[in-house]
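Residue-level listing of the chains:
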Amino acid sequence: MSSNLLSSENSIPWIRIVLGLIVACILPFFISNYHVFQASMVLSYAIALVGMNILIGYSGQISLGHGAFMAIGAYTSAILMDKMNIPYWMTIPIAAIICLVVGFLFGLPALRLEGHYLALATFALAVALPQLLKFKHLEFLTGGVQGIVIMKPDPPWESLFGLKLNSDRWLYFFTLAVTLLMFVIGWNLIRGRVGRALIAIRDQPIAAASMGINTPMYKSLAFGVSAMFTGVAGALSAILVAFVAPDSFTVFLSITLLVGMVIGGVTSLTGALYGAIFIQFIPNIADQISKAAPWAIYGTMLILFMYLMPTGIAGAIRLLGEKLRISRF
Amino acid sequence: METFIHQVVAGIAAGGVYASLALALVMIYQSTHHINFAQGEIAMFATYMAWTLINAGVAYWLAFIFTILLSFSLGVLIQRIIIRPVENAPVLNIVVVFIGLLVILNSIAGWIFTYTIKAFPSPFPKEPPFGLYFISSHELGSICVTMMLLLLLYSFFKFTPLGLAMRAAAQNPDSSRLVGIRVGWMLALGWGLAAAIGSVAGMMIAPVVFLEPNMMSGILLYAFAAALVGGIDSPGGAVLGGFIVGILENILGAYVIGTELKLSVALVMIIVVLTIKPAGLFGKVIVSRV
Amino acid sequence: MSRMLLEVKDLFAGYGGTEVLHGLSVKIEEGSITTLLGANGAGKTTTLRALCKMIKVRGQIMFDGQAIEGKATEDIVRLGVAHVPDGRGTFGSLTTEENMQLGSYSRKDKQEVALDQEKMYSYFPRLKERRKQQAGTLSGGEQQMLAIARALMLRPRLLLLDEPSFGLAPLIVREIFDIMHAINQRDKVTILLVEQNAAMALDMAKYAYLLETGKLVLSGLSEDLKKDEAVRRSYLGH
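Protein chains in written order, with the working numbering: chain A, 7 to 335; chain B, 7 to 296; chain C, 536 to 773.
FYI, nobody ran anything at the bench for these hints, they're computed from the structure.
Note that beta-carbon positions come from the ideal geometry of N, C-alpha and C, so glycine has one too.
Don't take each hint at face value.
To be verified - Which residues of chain C face chain B? A partial, calculated answer using Cβ under 7 Å:
no., residue
1, Phe547
2, Thr608
3, Val612
4, Arg613
5, Leu614
6, Gly624
7, Phe626
8, Thr630
9, Glu633
10, Gly638
11, Asp644
12, Gln646
To be verified - Sample of chain A residues at the chain B side, in silico, Cβ under 7 Å:
no., residue
13, Ile68
14, Pro115
15, Ala116
16, Leu119
17, Leu138
18, Phe141
19, Gly150
20, Gln152
21, Val155
22, Phe179
23, Ala183
24, Ala302
25, Tyr304
26, Gly305
27, Met315
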């Protein structure tokens, strides 16, 4: 996992971004409502994967429990909307702050230790959470086993520039806006002082500490920030799906996020998009290949990617690009 | 008072299972510095193999032994084929491979055996032993089996040349090679043993929690907690940790928090140990040289 | 000339991307004591590691007429090459006795192993006293003796010793060197000794090689090297 300070990630590919945005804005008017919903889900997963990127790719720490932060974000959103009638768009920043704090606090003890201890602690979090969500004494808040059903918000306007807006389309644009905001925040974090500190900590922890970088603080901060991203994704997904329940947030969700990150590419923002597309659409395809064991296919892909393409699809593309550039000489 | 004794006894019985699994985890950790996240699923898969044999008409104890042998082979194969290629890869890659393994085993078990809960037979009679009121025959039998297993393992490692070689390989692979030990095969053997231990643990706990593909995730969590409490590089500590966790789980579950939050208890235990004393009761604090 | 037990031709070896040995050629006569001298960083330890294939090598290594440069460490050891590494490499958490038992791990002749164990205890009585003690709690000198005893439990044809005098009091060093002399004379073990203590090494060894930044600069009989101007000034202090 090389740091990308000198790679093309630092020069912003404006043309590709603008083109991408144009396509993204036109898209919802040409596809069915269900596909619009799927596209929105891809965007929210992308935000979660950016969170994982910040933690695992740049900070060099492992989390097997980020599904738990999606759960916290999702349940925060659902509870605020259902029990306190807070409008959906306001729940996003609240979920973000809560997850930032919880993530930071969770990170503090675990992050003094090396990689597999954190993996173990987050694994434990992921396994224990659904049971906690079903706990009968918290049912008044969490809705217990049945979860919480939310009302899908209506679009604020009937139409946009003459094109009809319905719930799904409106939510898509809302998600797109949040995604852009989160990507910009992520980009700035990674490129700025925080990002450089994280890379230093990841690659040369002892040197970083001796340079005065407060390693435990940065590591916990990184964990908090990545939890924040994932929490925002969770909140968005709650609004999109209009439903939260404990069994949506088992350890397999955390593993799904891990899969998306591995496949997409661990130190890359574009990787987050590739990974998100994979997570959203491959289960359907895998289902068709083997009705019974789509997860076996996920598992096999995880292992194969570690052998053959440890930097994910984004990494492979970058390597290919570098090879092509070099071969020109 | 009666229920208290029974809770403690049940805790010891469960503790024996956690101790065995924790020992398997520590064995692999000591020799490779990897945490085997797939340990639970291997045990689950082995238990399904036993179930298949028993259902096919094989006598229980014969199926038991056969399963142990099959699991051993499975463990060796997994190490040689899946783990060896990434032995020296960065920690993240290794963790991902373990998770991949976890997921594959879970999924294949679900595919072959479906997700319906199955009953797994206990070889011990239904009536309580000697008319005692605070312990069931299965609990007593389970304690005996796990104790015997732990004793056998202890003797193997302490008194046999192969056991000595495995201890050496775990401690210092370079020096081990210098005395002619084939370290690679020692690792495979370690995995085989860990899988075999897991199969015994699975077969002892399945009659209690019932057989289904997700049966071991909670139990694995307890084994993690036990290994951490005892010290992740201390086999003796892991065993003691297992019993401590088993008893605590049952006592807290019966008297303090109720049985529905048991996994959160394990989670809290793990976090507390990691925060206060990451080396556990008997582990060593690793000082890394700059 | 006597038979060559070990012949090394054009050996290149290193760590990661850095090459440390640049084309080493060495011959070790059977039954002799040869010493490899040089300053820190000259590549002496690397040479011993290369001979045991603990690192990647390029070149030819022939042991007892057999090419071993393609073999794994464990297999080379089983051919009769024992290596006492720098840092001793003792199994700290195992007992003294267990350490010694590991030395004979690859041997099948139980009777002879038992005899050899007694022999080791007679060479190193202090180890017999401490045989149930954890090896990590032994003193530096005792650990060095243990490392040598463990290597000898292999009944090796060739013994590679990496800086046995390191960090030890002169009296203990004397003891160890006397035992090495005895092993070479009585048990006919060929010895390749890497040492910083050039004076003692040249006294004990018949042949000597001088290594400087990965290349051999001098080789021959120890007596001759002892009289060499450059060697005297840089390594013998007069």
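Checklist entry - Was the hint right that A/Gly305 lines chain B, CB cutoff 7 Å? => result 4 Å, holds
Checklist entry - Do the numbers back the hint for A/Leu119, that is, is its least Cβ distance to chain B under 7 Å? => result 6 Å, holds
Checklist entry - Would the stated hint for C/Arg613 survive a check requiring a Cβ distance to chain B of less than 7 Å? => result Because about 5 Å separates C/Arg613 from the closest Cβ in chain B, which is inside the 7 Å limit, the hint holds.
Item to check | Closest C-beta approach of C/Phe547 to chain B relative to 7 Å, hint status | outcome: Given a least distance of 21 Å, the restraint on C/Phe547 is violated.
Next on the checklist: For the restraint on A/Tyr304, tell me whether the closest CB of chain B is nearer than 7 Å.
Outcome noted: 6 Å, holds
Checklist entry - Do the numbers back the hint for A/Phe179, that is, is its least Cβ distance to chain B under 7 Å? => result Constraint on A/Phe179 not satisfied, violated at 35 Å.
Checklist entry - Should the hint that C/Glu633 touches chain B count as held when the rule is a Cβ pair under 7 Å? => result OK, holds: C/Glu633 within 7 Å of chain B, min 6 Å.
Item to check | chain B contact restraint on C/Thr630 - CB to CB distance below 7 Å | outcome: 10 Å, violated
Item to check | Satisfaction of the C/Gly624 interface hint, Cβ to chain B closer than 7 Å | outcome: At about 4 Å, which falls below the 7 Å cut-off, the nearest Cβ of chain B leaves the hint on C/Gly624 intact, so it holds.
Checklist entry - Do the numbers back the hint for A/Ala116, that is, is its least Cβ distance to chain B under 7 Å? => result It holds, given that the least Cβ distance between A/Ala116 and chain B is near 6 Å, below 7 Å.
Item to check | Hint check: 7 Å Cβ-Cβ cutoff, C/Val612 to chain B | outcome: 4 Å, holds
Checklist entry - At a threshold of 7 Å, is the proposed contact between A/Gly150 and chain B supported by beta-carbon distances? => result It is violated, given that the least Cβ distance between A/Gly150 and chain B is near 11 Å, above 7 Å.
The structure is inconsistent with the numbered hints 1, 5, 8, 11, 12, 19, 20, 21, 22, 23 and 27, although it conforms to all the rest.
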